[in-house]
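**Student:** Using the sequences and the hints, build the whole thing.
Chains A and B, in that order, give the protein sequences. Residue numbers for the first sequence follow our numbering, beginning at 778 and rising by one. Residue numbers for the second sequence follow our numbering, beginning at 13 and rising by one.
Hints in this document: simulated from the structure, not taken from any laboratory. There's no promise every hint is true.
Calculated pairs, DSS-like style, for lysine-lysine (alpha carbon to alpha carbon, straight line, at most 25 Å) [said to hold, decoys possible]:
| # | chain 1 | residue 1 | chain 2 | residue 2 |
| --- | --- | --- | --- | --- |
| 1 | B | 206 | B | 217 |
| 2 | A | 910 | B | 275 |
| 3 | A | 1002 | A | 839 |
| 4 | B | 275 | A | 784 |
Take a look at the letters that make up each chain.
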Amino acid sequence: MFKWLEKNLPKIVMAPAVGLIGWFVYGFVLWTLYISFTNSKILPKYELWGFGQYEKLWASRKWLIAVDNLLIFTALFLIFCVVIGIILAIFLDQKIRAEGLLRTIYLYPMALSFIVTGTAWKWILNPTLGIQKMFRDWGFENFTFDWLVDREMAIYTIVIAGVWQSAGFVMALFLAGLRSVEDEIVKAAKIDGASLFTVYWKILLPMMRPVFFTSFVILVHISIKSYDLIVALTQGGPGISTTMPALYMTQTAFHKSQVGLSAASAMMMFMAVAAVIIPYLYSELRRENAR
Amino acid sequence: MQDSLKSSSYQQLEQKSKYTNMFLRWFLYFILILFASYFIFPLYVMVVTSLKTMEEIRQGTLLSWPSGLNLESWAVAWGGRGYGAGDTFLRPYFWNSIKMVVPAVFFSTFIGAMTGYVLTKWRFKGDQWVFLFLLFGCFIPFQAILLPMARTLGVLGISNSVVGLVLVHTVYGIPFTTLFFRNYYISVPTELVKAARIDGAGFFKIFFKILLPISAPIIVVTVIWQFTQIWNDFLFGSTFSFGEAAPIQVALNNMVLSSTSVKEYNVDMASAIIAGIPTLIVYVLAGKYFIRGLTSGAVKG
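**Tutor:** Pasting the structure below:
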């Protein structure tokens, strides 16, 4: 008995983690999947109903707006975060004075919650007392910046705040990547007469392919899950103009009590994340096994 | 010989482009400082706004300096105005968050250390798959587990309680803590463990005598990561708790959204800073470990 215990102790120690994740992650996802095929309203029902919820979902104007917003947000969020992140990383890599301080400044938003930063941005962007008033007081009488209350433009305020929060993270990833490149490569290229621009554009950035890939995966992941920032900044408004899938899911489940429909929207989000993550994990594991 | 030739021609090259370099460097600093001001701007606005009176806010601009060190809105944000109903302030929710964060960070870190230890030093057949099984938990969108989790907490009788949130954060922290410890322990030479095993040391003795003493850096990284994640969480907090059991982020959001007659931006900003200060302090004091946590899941090796 004691021998058996000793031999299997590692597995016994593993068991709680595997059990908890098995139940609370895999079991729960399967439960949500099942419920998405039922006609559950306030309480879950267990007879199968087919793809009805998915049909309802893709016929819903609000969901289509949410998906549209997600695409706009993801595209802009990706482009701005990566461009700003790369510029800052390359510039910081030039033996800059006070590099540590600058890095701290670029990255501190990552330490704050989206609710905190959303509250701050909401105050800054509000037309009556925020940026708009600041410029008008400075003498630009006709200056207008009311995106926060403009149906067409409100989604871009979420981009502004989102990029502000996450660009520093991309900077940190690229800076780590650039620092891991041998100095000799850069020196050799310079001796061959390559300008600094060429060195980065032709040699270093192409070497950063894994970092691009990682940033892409992480940023897309953040944007699909984005919820807190929207709640703090716009609550999905004005109207429903800044709804995103994560907000749609919780609103449908907990305010509208359409459990089946919200399960269907959750599964769509799950599939979107899986489509990005599974190739990523696969390539990461292959890289690790190759070493 | 060749090496020295190379480096001297390299120096000549450096010399020639000295003037272009000087211009470039000014440009460099200009851009870097420009971005620094973009990043610092909201924090600056938060701080100065929290120190102003509403009168000053209406008259000045976002950037204008407060007339003095007016801490009244901080007092209101933290302790309220002292009239009963409808007087929401952050103090009780701040403690809710502390009561939630401390056990959740402890349990998830402990479990992660154990699983990371087994996965690297007591390898068994299929352990790669077990790791992948756990790792996938890092990436699931939590929307896919919200509905069953809400029901489970109800069945267990711990919905709308700090205990419930501790459970939720512990469970969904395990994939991350496992990843951190596993990646750290994998670089510890297995020979150490093997030698100890030959000497008759058991499973726990090896962990406490050999691995734990060298684990300080990864424990710091993991604790900071988990602390930041859990403190800043809003989705779980707002879904599984309301009213008096809510953590601070939820309370902050309610406070800002509650539309009492006049919007008091100075109190809002003071509240936001109070909700952000613990993680900000950790970041300033241990930024190195914070960044390591952020990037270690992403850039390996």
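**Student:** Indicate, hint by hint, whether the structure satisfies it.
**Tutor:** The hints, checked one at a time:
no. : hint           : in the structure
1   : B/206 x B/217  : holds (13 Å)
2   : A/910 x B/275  : holds (17 Å)
3   : A/1002 x A/839 : holds (17 Å)
4   : B/275 x A/784  : violated (65 Å)
The structure fails hint 4 only (numbered hints given earlier).
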